[in-house]
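> Fit chain B to the supplied structure of chain A, relying on the hints for placement.
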Amino acid sequence: MVKLRVNGEDRSFDGDPAMPLLWYLRDELALVGTKFGCGVAACGACTVHVNGDAARACATAMGDLDGQQVVTIEGLSNDGGHPVQKAWRSQNVAQCGYCQAGQIMQAAALLKQTPNPTDEEIDAGMQGNICRCGTYQRIRAAIKAAARGAV
Amino acid sequence: MARISIEQPSRRLLLQGVAAGGLLLALRLPAAAVEAAPEAKYGADAMPHGVVRDPHVFVSIAPDGIVTILCHRAEMGQGVRTGLPMIIAEELDADWAKVRVRQAPGDEPRYGNQDTDGSRSTRHFLQPMRECGAAARMLLEDAAAARWGVKREEVAARNHEVVHAPTGRTLGYGALAADAAKLRPPALEAIRLKDPASFRYIGKGELGLVDNFDITTGRAVYGQDTILPGMLFAVVARPPVFGASLAAVDDGAALKVPGVVKVVRIEGTPAPAKFQPLGGVAVVARNTWAAMQGREALKLRWNDSPHAGYDSEAYRAALTETSRKPARRLRDEGDATDALAKAAKRVAADYYTPHLAHAQMEPPAATARIRDGACEVWTSAQSPYSVRGEVAARLKLPIEKVTVTCELLGGGFGRKSKCDYAVEAALLSQAMDGQPVKVVWTREDDIQHDYFHTVAADHLEAGLDAEGRASAWLHRSVFPSIGSIFAPDPKHGMAFEVGMGLQDTPFAVPNLRIENGEAEAHTRIGWFRSVLNVPHVFAMQSFAAELAHAAGRDQKDYLLELIGPPRQIPLPQGTEPTQYWNYNEDPRKYPVDTGRLRRVVELAAEKADWGRSLPPRHGLGIAAHRSFVTYVATVVEVAVDDQGRVSVPRVDVAVDCGFFVNPDRIRSQMEGACVMGMSLAMKSAITFKGGQVQQSNYTDYEVCRIDDAPREVRVHIVPAGIEVPPGGVGEPGLPPFAPALCNAIFAAVGKRIRELPIAEQLKA
Numbered sequence: 001m002v003k004l005r006v007n008g009e010d011r012s013f014d015g016d017p018a019m020p021l022l023w024y025l026r027d028e029l030a031l032v033g034t035k036f037g038c039g040v041a042a043c044g045a046c047t048v049h050v051n052g053d054a055a056r057a058c059a060t061a062m063g064d065l066d067g068q069q070v071v072t073i074e075g076l077s078n079d080g081g082h083p084v085q086k087a088w089r090s091q092n093v094a095q096c097g098y099c100q101a102g103q104i105m106q107a108a109a110l111l112k113q114t115p116n117p118t119d120e121e122i123d124a125g126m127q128g129n130i131c132r133c134g135t136y137q138r139i140r141a142a143i144k145a146a147a148r149g150a151v
Numbered sequence: 001m002a003r004i005s006i007e008q009p010s011r012r013l014l015l016q017g018v019a020a021g022g023l024l025l026a027l028r029l030p031a032a033a034v035e036a037a038p039e040a041k042y043g044a045d046a047m048p049h050g051v052v053r054d055p056h057v058f059v060s061i062a063p064d065g066i067v068t069i070l071c072h073r074a075e076m077g078q079g080v081r082t083g084l085p086m087i088i089a090e091e092l093d094a095d096w097a098k099v100r101v102r103q104a105p106g107d108e109p110r111y112g113n114q115d116t117d118g119s120r121s122t123r124h125f126l127q128p129m130r131e132c133g134a135a136a137r138m139l140l141e142d143a144a145a146a147r148w149g150v151k152r153e154e155v156a157a158r159n160h161e162v163v164h165a166p167t168g169r170t171l172g173y174g175a176l177a178a179d180a181a182k183l184r185p186p187a188l189e190a191i192r193l194k195d196p197a198s199f200r201y202i203g204k205g206e207l208g209l210v211d212n213f214d215i216t217t218g219r220a221v222y223g224q225d226t227i228l229p230g231m232l233f234a235v236v237a238r239p240p241v242f243g244a245s246l247a248a249v250d251d252g253a254a255l256k257v258p259g260v261v262k263v264v265r266i267e268g269t270p271a272p273a274k275f276q277p278l279g280g281v282a283v284v285a286r287n288t289w290a291a292m293q294g295r296e297a298l299k300l301r302w303n304d305s306p307h308a309g310y311d312s313e314a315y316r317a318a319l320t321e322t323s324r325k326p327a328r329r330l331r332d333e334g335d336a337t338d339a340l341a342k343a344a345k346r347v348a349a350d351y352y353t354p355h356l357a358h359a360q361m362e363p364p365a366a367t368a369r370i371r372d373g374a375c376e377v378w379t380s381a382q383s384p385y386s387v388r389g390e391v392a393a394r395l396k397l398p399i400e401k402v403t404v405t406c407e408l409l410g411g412g413f414g415r416k417s418k419c420d421y422a423v424e425a426a427l428l429s430q431a432m433d434g435q436p437v438k439v440v441w442t443r444e445d446d447i448q449h450d451y452f453h454t455v456a457a458d459h460l461e462a463g464l465d466a467e468g469r470a471s472a473w474l475h476r477s478v479f480p481s482i483g484s485i486f487a488p489d490p491k492h493g494m495a496f497e498v499g500m501g502l503q504d505t506p507f508a509v510p511n512l513r514i515e516n517g518e519a520e521a522h523t524r525i526g527w528f529r530s531v532l533n534v535p536h537v538f539a540m541q542s543f544a545a546e547l548a549h550a551a552g553r554d555q556k557d558y559l560l561e562l563i564g565p566p567r568q569i570p571l572p573q574g575t576e577p578t579q580y581w582n583y584n585e586d587p588r589k590y591p592v593d594t595g596r597l598r599r600v601v602e603l604a605a606e607k608a609d610w611g612r613s614l615p616p617r618h619g620l621g622i623a624a625h626r627s628f629v630t631y632v633a634t635v636v637e638v639a640v641d642d643q644g645r646v647s648v649p650r651v652d653v654a655v656d657c658g659f660f661v662n663p664d665r666i667r668s669q670m671e672g673a674c675v676m677g678m679s680l681a682m683k684s685a686i687t688f689k690g691g692q693v694q695q696s697n698y699t700d701y702e703v704c705r706i707d708d709a710p711r712e713v714r715v716h717i718v719p720a721g722i723e724v725p726p727g728g729v730g731e732p733g734l735p736p737f738a739p740a741l742c743n744a745i746f747a748a749v750g751k752r753i754r755e756l757p758i759a760e761q762l763k764a
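Taken in sequence, the protein lines are chains A and B.
Going by full-length UniProt numbering, the first sequence opens with residue 1, and the numbers climb by one from there.
Going by full-length UniProt numbering, the second sequence opens with residue 1, and the numbers climb by one from there.
The hints are simulated quantities; they were obtained by calculation from the structure and are not laboratory data.
Backbone N, C-alpha and C define an ideal beta-carbon position, used for all residues, glycine too.
Do not take every clue at face value.
[Claimed, not checked] Here are a few chain A residues that face chain B, going by a calculated C-beta distance under 7 Å:
id, residue
1, D27
2, W88
3, R89
4, G97
Bound conformation, chain A alone (with noise of 0.2 Å):
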């Protein structure tokens, strides 16, 4: 039996310990704002936080998270306030936005850890985060209006 929190929740699962946290948020705990891509971490579309560092929730194995925090995109903000993700609305980041949850929760990660990235900083903790269209400019300036506070 494997305990954890969800968004704040105390949830238990006793299925198998190999499934991803993905579908088990996604078909048991109906989290579906954390979405599928490619299923092996190569696009970040999955990013959740685990203890507070970004993850991917396709190649977490649900028996390695007893005990674990998992926040998901519907637990970043009660209000979709986070800065980041008042961001992502001033510059319109969205095109088509399945990534965005992902992209979303990759930018939170890394301005906790880095308040004020450099583009080469934003360059290393963005790249497993794919945007086939093509929004990265975007997520560029909005990750800097976000550690400028400027939202």
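Just chain B, lined up with the frame of chain A:
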């Protein structure tokens, strides 16, 4: 034929002694036949179910004044859910803060055409949506005039209320909604549109995206996200080689995987299968993970396919060889053979572009449920009405018994024009006695079983005179056709394929020949953003720069000289009866206008400060093209380091898309097109060996990431009045990018790229 069949009966009538009648018939029938010939239809009128502009269909207003506008076109990131409702809100004079947008289900008879493809939404629906919003406004004004018992002319709508000018009385839209809902909309000719000078939303780009909040909080729902009570989950093992059928399946181990409920065989449809599934074996389970584990445990044997020999390297060699031989002529002006023979200098080059996968972030997914003889589908689809049609055909249901709820698309790029995944979901629900089933495509499924962007070999030859001017231009393109999914393989390009950057070559060269050679399709070929413009423009615009170099001239100046003076190019006449496609638009309304093409070249060059001094191993490249009746020129600045690594610090894009609605989304589409252009130029390729796709995920089918995408894309929009009809925006930004990049690389380091992707070609 028609003339003979008319003359023969008239001659017979003459012989029978009814001379007067017979003569009349003989004289009149041809004329009558001409009159009866339907006027060619263009644009929205030529699309199935055309346009609907009834405000009662698209607009509803609640007593509290909240205006709900239906968007009937699919949102895949182009911003249509913001753009089309904005047009209605503008003419309705609604307060945008009180506007909500809902997505229409798939129902073309009710909403008009919904096939969100070909960069058509704003192009086809700007005018009808204006008329729709204006009609809604007039109904509210009528309702207010009736309520007050005053003359119609004394009332006017103004920002979500109707004002009676003489008395200053006002009534909010909410208070008038119930009365207005009972009124008949005005006739089309009675609709009074706003003066564009008074627009406050259209053309401004100041409104946020309607889905911004939901997207940034994880509430936005895509096809992958459907949840229904009692829903099952499925993944499908599909034939590894196109055209192979299942020989045998052993599902013993799969059925033992905890959570697996059933294993279901899906019959494939022999080619041409249009949008019907490839067939295979589905594993239905209690969750996606169990379904995936069950699929791993299947033991499958497939029959041989006629395409089992498909090998990208061998195919490429054959395609290139074909491209060097005379082929079907699509345009033939002057005498290219003679002019080439007499040229002071001859230049020839071969270009090659591989298959591509769309690789939109959301892999295909659909959910279906069958109850009481009706099938409900929830999915992300570019053409929801064709989902209904395909599902109905497969389940042998009348189309009225199939409904489609349209979720957001996590990217489309043409992939989600084809709804094989939705048919799979319907078949699986049927196999589960109607229980809801969601089919999830994994990324591997998506990359390996796409409708691939075609592979192409383009051969170009030119003759230059003593002054370096082009006297002859020959462009021959060879590629397997998208037509092969709809009909027996045509082995030549369809009108819409050769009409993209081939027949419509805009150059003022006196001896010009365009040809299209024969090629067989060995996989599913499908639309990919900008379609055949991608290979054709890569070749055409690279070759233009090669000629500039051969003539010792500046790329930009030479490109302008090739385009020639501002003029409208007459419809290219083929030596075979190949009608020029023109994106299905009226050539009188949307001619090929070289003046507009010149202008974007000049604007991009000016904004990019063409000729600016650059650090060593940096270079500027330019390319321009009209596609989807929009003109785009792109200037790329590239840096190639001494290890051959390529980066793009800056891009300037000039776009003339005619009258525009939301400049913010034009910018975002151009920004995104440059990133997609960088991906296909630098890294992406689908290759086949033994008939099987050799790539499987983003690990080996690579696309740009934040650290290797163009760093800054500056977009410069040519202003246009309402009299300039709108062009497409979603696709035209893509074709010029790759040739502009390659032209820049040549300027930077002197290496000419003729094959995409660039991959390791510049590495030392």
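> Take the hints in turn and mark each one as holding or not.
Results of checking the hints against the structure:
1. D27: Since the shortest Cβ distance to chain B is 4 Å, the answer is holds.
2. W88: At about 5 Å, which falls below the 7 Å cut-off, the nearest Cβ of chain B leaves the hint on W88/A intact, so it holds.
3. R89: holds, 4 Å
4. G97: holds, 4 Å
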